[in-house]
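Undergrad: Each chain, written out:
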Amino acid sequence: MSRTTFFEVEILDTKTKEQLCFLDKVEPHSSIADIKSLFHKSYPKWYPARQSLRLDPKGKALRDDDILQNLPVGTSASIYFKDLGPQLGWTMVFLVEYLGPLLIYLLFYLRVPYIYSKKHTFTSSTHPVVSLACACHSFHYIKRLIETIFLHRFSHGTMPLGSIVRNCAYYWGFAAWLAYYINHPLYTPPSYGERQVNYALMIFLLCEAGNFSIHWTLNGLKCEGSKSRRYPRPSKNPFTWLFVFVSCPNYTYEVGAWVGLSIMTQCVPVALFTLVGFAQMTIWARGKHKTYIREFKDYPNLRMPILPLIL
Amino acid sequence: MSAPAMGTSKTAHDSSNKKKRGPGTLAIAYLVIYNVVMTAGWLVIAVGLVRAYLARGSYHGLYYSIEKPLKFFQTVALLEILHCAVGIVPSSVVLTGFQVMSRVFLTWAVTHSVREAKLSSTVCHLVANSVLSPVFTFGRAAVFVTFYCFVKCAWFSTRPYSLKLVQSEDSVLLFVAAWTITEIIRYSFYTFSLLNHLPYLIKWARYTFFIVLYPMGVTGELLTIYAALPYVQKTGLYSITLPNKYNFSFDYHTFLILIMISYIPLFPQLYFHMMRQRKKVLGHVDEYSKVE
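Residue numbers (this note's numbering), protein chains in the order written: chain A, 4 to 314; chain B, 3 to 294.
Okay, chain A solo, but in the shape it has when bound:
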């Protein structure tokens, strides 16, 4: 005869400590995800992605795959709930973040009315480098969109709405700012002429290829769910050889591509965007680097977070 002790779960608000929901006859092997769906039934506006459940009001949030009976609670559990606010799936987030700059740049390239003076509306620039820059910028974001749709697999499900608004303001704002100058009627082409443009284009293309190779490699690593058991290593693809020196070569190549674009356009706003992006990616790279070192005891010593031998 099987005796299944059912659990009782009460869900309390983290701030007010009042009881929001009481669940009885909960299966002991239910996961937090199940609890979240049950809670969602009582409060339809709080879908599971925006729930943060924790055992202690000041503690860490419980993971969706934690099992109820493995948690340090008796058969009667008190769980605290916090609303994370409206959430958007990562794929949706990236689509919105990348479509913006792509389309905004094109608006400036085509010299849509009200941006520049009337006599320049819908004209095109006399400099070939301007068209080249437009092609490169568009290629960069189209590549990112394709990667988002077909390649990336995300660990967290969602992102809060506030962050999305802020990120979009940043990407879209900067894209508009740099597009304004590159496509301006008074744009000055690079000082060293065609040679500068060609070398810069080469850097850009190599870095884009490198960035794609790294994404492909990282995608191959993610066999089961979110936790990867192996750290990335160099493979037959020469672009992945950067893994010998760097933990996050995708960021390295990304900075490289933008450096290429800065040199190609010889435009301060592009250089500033590169700089800010570099600063942000360095922070991410260092975090990732620390995680790798913590997780893998045999992590190679030579590797730096983002720049070989330097940073």
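A few of these clues could be false.
With a straight-line cut-off of 30 Å between C-alpha atoms, the simulated DSS-like cross-links for lysine-lysine are [claimed, not checked]: (1) B:LYS205 / B:LYS282; (2) B:LYS247 / A:LYS61; (3) B:LYS282 / A:LYS20; (4) A:LYS63 / A:LYS293; (5) B:LYS281 / A:LYS20; (6) A:LYS85 / B:LYS281; (7) A:LYS85 / B:LYS282; (8) B:LYS247 / A:LYS121; (9) B:LYS236 / A:LYS63; (10) A:LYS18 / B:LYS281; (11) A:LYS122 / B:LYS281; (12) A:LYS18 / B:LYS282; (13) A:LYS121 / A:LYS146; (14) A:LYS61 / B:LYS236.
Hints listed in this document are in silico derivations from the structure and should not be mistaken for laboratory results. None of these values were measured; they are calculated from a predicted model.
Fit chain B to the supplied structure of chain A, relying on the hints for placement.
TA: Structure of chain B alone, referenced to chain A:
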């Protein structure tokens, strides 16, 4: 903006609650000296203002009497960012940086600069209009403007006091006065806190005077920036125009307008934060009198 640095109210709390974490003895000695020097400096400015007023009998142009110590002591306050970065003061670097930089910006990039621009800008106009300007396509206009600028320059040099300079504006006195009183109270507050001997009067003053001084300072600052706008537009101060090699432009005039607009969301936030701090710190009056 003239708000006292918010995060540093924690310093007082921590040291008055006798938490032994944080800076060592050497750091505390340095901070005490720093705060005493700053208190003295702002007292000098206060005394300078009063003496100048008594000597002249009017409020106008008092800025000139304390221009140098004001610039000096306000700029030295940049050290406070370093204090936070190094960790001897438990405040946020970003918050302190933001407040100090806004003060330094007003002192140098607005109040100081708009005067220099008066004279040097006419020279710039001369050079730009006659030699470099791509905008002037009409030779005659260029000659006329050059001549006009030359005449203006000569006229200015003979009449230094009839100019309506930004420093002569009464708004400058408004924020200088607000800053002076605020800073004297704030630095003496820190000094006493570090020495664990904070008189209630200073604490009360710090968390009460801001109610009037903060809006007063902000009004003075906004009016001063507003007064500087025509000069900045006319002289193109700190502005870069297209076309240029690096494909970049910067309009200081628009930048100043954006700064003024930024006061709208920021001022209420900072003001009400101080109000909340006031309730928290001064609210426990009964408990404190027991401790004293």
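Undergrad: Could you run down the list of hints and mark each one as holding or not?
TA: Now for the hints, and whether the structure bears them out:
This hinted pair checks out: LYS205 of chain B and LYS282 of chain B have alpha carbons roughly 12 Å apart, not beyond 30 Å. Among the hinted pairs, LYS247 of chain B with LYS61 of chain A is inconsistent with the structure: their alpha-carbon atoms are about 55 Å apart, more than 30 Å. Proximity of LYS282 of chain B to LYS20 of chain A is assessed by CA-CA distance (about 23 Å); at most 30 Å being required, the pair is judged to hold. Distance hint between LYS63 of chain A and LYS293 of chain A is fulfilled; the C-alpha atoms sit about 20 Å from each other, no more than 30 Å.
A threshold of 30 Å between alpha carbons decides the hint, and for LYS281 of chain B with LYS20 of chain A the separation of about 25 Å falls inside it, so the pair holds. A C-alpha spacing of about 28 Å is found between LYS85 of chain A and LYS281 of chain B, which places the hinted pair at or below 30 Å, so the restraint holds. A hinted pair counts as satisfied when its Cα atoms are at most 30 Å apart, and LYS85 of chain A with LYS282 of chain B qualifies at roughly 26 Å. Using a Cα cut-off of 30 Å, the hinted pair LYS247 of chain B and LYS121 of chain A holds, with the two alpha carbons roughly 24 Å apart.
Using a Cα cut-off of 30 Å, the hinted pair LYS236 of chain B and LYS63 of chain A is violated, with the two alpha carbons roughly 58 Å apart. Among the hinted pairs, LYS18 of chain A with LYS281 of chain B is consistent with the structure: their alpha-carbon atoms are about 21 Å apart, no more than 30 Å. For the given pair, LYS122 of chain A sits about 60 Å from LYS281 of chain B by alpha-carbon distance, which is inconsistent with the 30 Å threshold. Between LYS18 of chain A and LYS282 of chain B the CA atoms are separated by roughly 20 Å; this keeps the pair inside 30 Å, and the hint holds.
Pair hint LYS121 of chain A plus LYS146 of chain A does not hold up; C-alpha atoms about 34 Å apart against a cutoff of 30 Å. Distance hint between LYS61 of chain A and LYS236 of chain B is unfulfilled; the C-alpha atoms sit about 57 Å from each other, more than 30 Å.
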